[in-house]
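Q: Here are the chains, one letter per residue:
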Amino acid sequence: MTAETQIKDTITANDVVLFMKGTKEMPQCGFSSRVAGVLNYMGVDFADVNVLADEGLRQGIKDFSDWPTIPQLYVKGEFVGGCDIITEMTLSGELDTLFSENGVAYDKDAADKIREANA
Amino acid sequence: MPMQASEIEALLRQTFPDAKIEVSGDDGVHMAAMVVDESFRGMNRVQQQRAVYAALKGKMDGSAGELHALALTTKAPD
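In order, the protein sequence lines correspond to chains A and B. Using the numbering used here, read the first sequence as starting at 1 and increasing by one per residue. Using the numbering used here, read the second sequence as starting at 1 and increasing by one per residue.
Keep in mind that the hints were calculated from the coordinates and are not lab data. Accuracy of the hints is not assured; some may be wrong.
Now the in silico label distances, taken between C-beta atoms and shown as ranges [what the hints assert, rightly or not]:
1) B:77 <-> A:30: 26 to 32 Å
2) A:52 <-> B:29: 17 to 23 Å
3) A:101 <-> B:58: 33 to 39 Å
4) A:40 <-> B:30: 35 to 41 Å
5) B:44 <-> A:12: 19 to 25 Å
6) A:13 <-> B:77: 39 to 45 Å
7) B:17 <-> A:40: 40 to 46 Å
8) A:52 <-> B:32: 33 to 39 Å
For each residue, glycine too, the CB sits at the ideal point set by N, CA and C.
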């Protein structure tokens, strides 16, 4: 299976997918850790794909998204952004809106707490 | 080869001549950049950051990329 097929299958089969370095339980990079941490804290059910475990995927996801860095978040098959964009969207409340519009369950109180802590 | 903040700024300046550009960080590998440019108006954040990555002309690509991490903030002027 090519990396492209594998990526398409993964983002089709899962509402929320984070391509990251390491796993959600054990991130291997600060940027991946930050995004996985936000999603975990917000109680979002997401699939994690460890690009460090597969060199083909590591380059493949960059080509697929036309985006040079990892982590990369996909919601309902659409590329949302990398670490900086997810951070901004979390703080502005746009991530809440995105999840709501796509029927993705999340803990609004937890999201509000992140915003309070970073206000 | 790590990149100096001044090199990153010069590279971005070629694509965004009139932008407000601030590059910070001193290890040359983990850097931060803010780009405020009129051309970003009407673009979403993904489109804005793609434009910045394109301006960096492959400096972040693959294992040979000189920049490991560039924290980006992009927006149109207020």
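Q: Each hint needs a verdict: does it hold in this structure or not?
A: Against the structure, the hints come out as follows:
1. Taking the beta carbon of each, residue 77 of chain B and residue 30 of chain A are about 30 Å apart, inside 26 to 32 Å as hinted.
2. Between residue 52 of chain A and residue 29 of chain B the Cβ separation comes to about 18 Å, which falls inside the hinted range of 17 to 23 Å.
3. For the pair residue 101 of chain A and residue 58 of chain B, the supplied restraint of 33 to 39 Å holds, since their beta-carbon distance comes to about 35 Å.
4. For the hinted restraint 35 to 41 Å between residue 40 of chain A and residue 30 of chain B, the CB-CB distance of approximately 24 Å leaves it violated.
5. In this structure the supplied range 19 to 25 Å holds for residue 44 of chain B paired with residue 12 of chain A, their Cβ-Cβ distance being about 23 Å.
6. Between residue 13 of chain A and residue 77 of chain B, the C-beta spacing of about 42 Å keeps the proposed range 39 to 45 Å intact.
7. Take residue 17 of chain B and residue 40 of chain A: their Cβ atoms lie about 42 Å apart, and the range 40 to 46 Å holds.
8. The given range of 33 to 39 Å is broken by residue 52 of chain A and residue 32 of chain B, whose C-beta atoms sit roughly 24 Å from each other.
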